[in-house]
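Assemble the complex: chain Z is given as a structure, and chain B must be docked to it using the hints.
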Amino acid sequence: MTDTSLPDTPTRLRRWLDSLRSAPAKRVQFDRPLTPWAFVLPQLLVVGVFFYWPSVQAVTSSFYIEDPFGFGATFVGLENYQTVLASGEYRSIAGFTLFFAGLVTALALGAGLLLAVKADAVIRGSAHYKTSLISVYAIAPPVAGLIGMMFFDMHIGPFVTLAGWFGWQMQVGIDYWDTVLALVLVSVWKQIPYNFIFFLSGLQSVPVSVREAAAIDCRSGWRRFYTVTLPLLAPTAFFLLIINVTYALFDTFGIIDVMVKDKPANNPITLVYKVYLDGFKGNDIGGSAAQSVILMGVVFALTILQFRFLEKRIHYG
Amino acid sequence: MMAELSISQVSKLYAGGVRAVSDVTLHVGDGEFIVLVGPSGCGKSTLLRMVAGLEDISAGEIAIGGRVVNRLDPAERDIAMVFQNYALYPHMSVRENMAYGLKNRRMPRDEIAARVAEAAQMLELGPYLDRKPRALSGGQRQRVAMGRAVVRQPAAFLFDEPLSNLDAKLRVSMRGEIRKLQKRLGTTALYVTHDQLEAMTLADRLVVLNGGQVEQVGSPLEVYHRPASTFVASFIGAPAMSLLDAHVEGGQVMLAGQALARVARPDGAVTLGLRAEDLHMVAPGQGVALQVDYIEELGAQRLVHGLVEGQALCIALPPGVALPPVLHVGAAPERLHLFDAITGRRFTARTSAQSGALV
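Protein chains in written order, with the numbering used here: chain Z, 2 to 318; chain B, 317 to 675.
Excised from the complex, chain Z in its bound form (with noise of 0.2 Å):
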């Protein structure tokens, strides 16, 4: 916060503590003070554990090479970022990973958001659709990774046979682009239920007049869905596309290590993935956490560029 004239924190502190004093009637009061922080405490504990510490190992252990065998680490400044930058492999992959996450985003929008417009405009037995069309995002990743390396089994695999009836020989785990097929594929897939859902509740919540409105002032159904329904949903749009975005960067994961584990070719990976394979299967351990700091670099940098350039359209009811 730049802003000088807020003032110091043991002063805010002290009118917080007033305003609980003077508000009693809409606060929970406890009678002792440790019962509040209790309450949070697994909250707090849960991050703390899982987010705050390994972040500040990962920042620490990215300066330090790790010995293979545990026996010490060597402080070598910003060596690992320098190795992991020069890497034409990391290139590569980071490529890929762009390419990938554009694509199963996209995708994922794009198939979320017709599902939800078609299941909208259907009164009867939308239920059934709905939960259908939801149920897909209860299976957990390395799960739907699984369901999607038998759709693409070259022996068993639905998919396969289905190429093979216009004679494409597909090969998911052996040639590099029928695996990123595969990959894009199931990600999208996984993703479209969570996609649906928020674009369903989204279109539900543009009331009914606006739209007869519409059908009166317009007579296109798509104009009318481009001028008004979708500026409507701009606000939920923009949350899909940040949670698409770290979907498709993160959480893939599982799918990846479902269908490129243990399988010899040169197959597509994603930053994550080789964050992963360089510090567990590696022990690459500095190189690794170097990458991961890398890779919460951009993160930040991307949600705060959507912020900065996107949100800015968008109309907030």
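Treat the hints with caution; some may be incorrect.
What the hints assert, rightly or not - Residues on chain B that point at chain Z, a partial pick, calculated with CB under 10 Å:
| # | residue |
| --- | --- |
| 1 | Pro390 |
| 2 | Ala391 |
| 3 | Tyr405 |
| 4 | Arg468 |
| 5 | Asp476 |
What the hints assert, rightly or not - Listed next, with one range per pair, are the computed distances between beta-carbon atoms:
| # | chain 1 | residue 1 | chain 2 | residue 2 | range |
| --- | --- | --- | --- | --- | --- |
| 6 | B | Asp389 | Z | Gln172 | 49 to 55 Å |
| 7 | B | Gly333 | Z | Ser136 | 31 to 37 Å |
| 8 | Z | Gln307 | B | Asp372 | 28 to 34 Å |
| 9 | Z | Gln44 | B | Arg387 | 55 to 61 Å |
| 10 | Z | Thr36 | B | Gly333 | 58 to 64 Å |
| 11 | B | Asp372 | Z | Gln44 | 25 to 31 Å |
| 12 | B | Asp389 | Z | Pro159 | 39 to 45 Å |
| 13 | Z | Ser202 | B | Gln529 | 38 to 44 Å |
| 14 | B | Ala379 | Z | Leu186 | 37 to 43 Å |
| 15 | Z | Ala128 | B | Ala451 | 34 to 40 Å |
| 16 | Z | Ser206 | B | Leu639 | 52 to 58 Å |
Said to hold, decoys possible - Far from chain Z by the CB rule (all over 12 Å, computed), these chain B residues:
| # | residue |
| --- | --- |
| 17 | His407 |
| 18 | Pro470 |
| 19 | Glu613 |
| 20 | Val637 |
No lab work stands behind these hints, which were simulated from the structure alone. Note that CB positions come from ideal geometry on N, CA and C, so glycine has one too.
Same frame as chain Z, now just chain B:
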């Protein structure tokens, strides 16, 4: 252009057999202001929405300006609608809200600008043209909704309870403005409301609906003075017309043992309707005895609610008259309304003064 609106034998059936509108026929002349009035659930909004094209027409035919519109999209029907909750596009400025329908019809830019400017001036929206709807008050939003309809210069305006979200004072002034605007533009208008006062003050002709059927069509005064049924009688006018069980005996209307008027009807039970302002006090011994129950002071007049042999009756009296606990009231014989005791329909037979004791 001619912008008549004709509704012929139109019905609306919902899945499950619910009949929201049944067999309504109505002809609206060019430039006429028609108000559809009735209690909630009477089918008035459904009828309006069928004209707009927002509901399918189950049976019958609707024509606007001589063109059957049954199968046309709402945007092709040459109508503009004002909604109860304004239905403004929240992401567009006032100017864009008004221009939207014109832009989609590929109107030249300068003509759009001219029409928006004219409507803004007419509705005093000039200072707000670049604001978003959320930065406007309820009354201003209502004006924008009106403006959006006006710029279209449609064959007909459709109003769906446009004033019911406004406070009482604003409602009265907006009512006047809608009326003036419609007269000035000469555009045919169909207006839905459940407020009988709004209906009376706005309409060239009223259409009273009940249970999906037309009870009566007529000018406000016609409907007020000659209600076609007990339903219309109790719905139009405040205070509501008092309806009492009476009977005809030997060509005389009898209430509480008193002959009130001559009528050419066979003996039997009838429903007698009396407007509060048609009643007046008479000397003791004449008229019927009214047991005073409670009094509403309205300033210009006072409404005295009482009981005649256990039946509620309301009478309007000038203020400042001392009131005994029992009033003797009467009414001019031609001011009595007689309805069938069972069907509630009005008897066409005239009541007239009887020879002898005048009440």
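Hint check:
| no. | hint | in the structure |
| --- | --- | --- |
| 1 | Pro390 | holds (5 Å) |
| 2 | Ala391 | holds (4 Å) |
| 3 | Tyr405 | holds (6 Å) |
| 4 | Arg468 | holds (8 Å) |
| 5 | Asp476 | holds (9 Å) |
| 6 | Asp389(B) - Gln172(Z): 49 to 55 Å | holds (51 Å) |
| 7 | Gly333(B) - Ser136(Z): 31 to 37 Å | holds (35 Å) |
| 8 | Gln307(Z) - Asp372(B): 28 to 34 Å | violated (43 Å) |
| 9 | Gln44(Z) - Arg387(B): 55 to 61 Å | holds (59 Å) |
| 10 | Thr36(Z) - Gly333(B): 58 to 64 Å | holds (60 Å) |
| 11 | Asp372(B) - Gln44(Z): 25 to 31 Å | violated (53 Å) |
| 12 | Asp389(B) - Pro159(Z): 39 to 45 Å | holds (42 Å) |
| 13 | Ser202(Z) - Gln529(B): 38 to 44 Å | holds (40 Å) |
| 14 | Ala379(B) - Leu186(Z): 37 to 43 Å | violated (53 Å) |
| 15 | Ala128(Z) - Ala451(B): 34 to 40 Å | holds (38 Å) |
| 16 | Ser206(Z) - Leu639(B): 52 to 58 Å | holds (57 Å) |
| 17 | His407 | violated (4 Å) |
| 18 | Pro470 | violated (9 Å) |
| 19 | Glu613 | holds (40 Å) |
| 20 | Val637 | holds (50 Å) |
In summary, the numbered hints that this structure violates are 8, 11, 14, 17, 18.
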